[in-house]
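Asker: Counting with the numbering used here, you get residues 920 to 1121 for the letters of the sequence shown.
Derived from the structure by calculation, the hints contain no laboratory data. The beta carbon of each residue, even a glycine, is placed where N, CA and C say it ideally should be. Any given hint could turn out to be false.
[What the hints assert, rightly or not] Per label pair, the in silico range of CB-to-CB distance:
no. : residue 1 : residue 2 : range
1   : K976      : Q1077     : 51 to 57 Å
2   : G1111     : T1016     : 18 to 24 Å
3   : D964      : I1012     : 40 to 46 Å
4   : V974      : I1012     : 17 to 23 Å
5   : S1098     : N1020     : 41 to 47 Å
6   : K969      : T1023     : 34 to 40 Å
7   : S1107     : T1000     : 36 to 42 Å
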Amino acid sequence: AGNTYSWQPSTYLDNPNIANPLCTPQTNMQYILTVTGESGCVATDTVQVKIGTIVAKVSNDTAICSGTSVQLLASGGAKYTWSPSAGLSDSTIENPTASPNITTIYKVKVSSGTCEDSAFVTITVNPQPTANAGQDKTLCIGASTEIGEAAQAGFTYQWQPTNGLDDATKANPTASPTSTTQYILTVSGNGGCTSSDTVLVT
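Start from the sequences, fold in the hints, and give me the full structure.
Answerer: Structure, rendered in structure tokens:
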């Protein structure tokens, strides 16, 4: 309570001559308030206004295979809010586990007090291939049989061992082994996603 008010310095204040001016500082400031009463008595007080800075940081963009997960990591503040929350183990912690079904851009809002900042991370979801080497086969020496099934677009195929096969990189090669052989099919897709299956040709 007083008759007149004077704030020093007046920098960043909307009105240095009222009791409660609005302060919009660009740097740390110390203000001195001088209040004069009706009798001419004077009182002073000081207040420190500190500028807080916050920079949201988040883990790098990454790719996963469908059905798998990856841990995200944010830093830079005291409170974290992720969106969308779909596919996250917890949308309010700094390091949730992400298991999205489709490629998703996650936003994390990092805050500390009244300061906040945001960052983004993209999780690319690559399809998981399905390896199907087919049913076990029995044939006579010198005969041939087709193993595997129809090719899936966008995937590569590799059979091991390669002996007795007309093409070890086909989805369904012709097998002519001279002895009982177990073939292993590995199907690979984008992002290192793989799947395997076996077939026994007796």
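Asker: Hint says 41 to 47 Å; check whether the CB-CB distance for S1098 and N1020 agrees.
Answerer: 45 Å, holds
Asker: Cβ-Cβ distance between V974 and I1012: within 17 to 23 Å?
Answerer: 19 Å, holds
Asker: Could one say that the CB atoms of K976 and Q1077 fall in the range 51 to 57 Å?
Answerer: 40 Å, violated
Asker: Given the hint of 34 to 40 Å, check if K969 and T1023 actually sit that far apart at their C-beta atoms.
Answerer: 37 Å, holds
Asker: Using the Cβ atoms, figure out if D964 sits within 40 to 46 Å of I1012.
Answerer: 41 Å, holds
Asker: Is the gap between the beta carbons of G1111 and T1016 within 18 to 24 Å?
Answerer: 19 Å, holds
Asker: Given the hint of 36 to 42 Å, is the C-beta distance from S1107 to T1000 inside that range or not?
Answerer: 37 Å, holds
Checked against the numbered hints given earlier, the structure breaks only hint 1 and satisfies all the rest.
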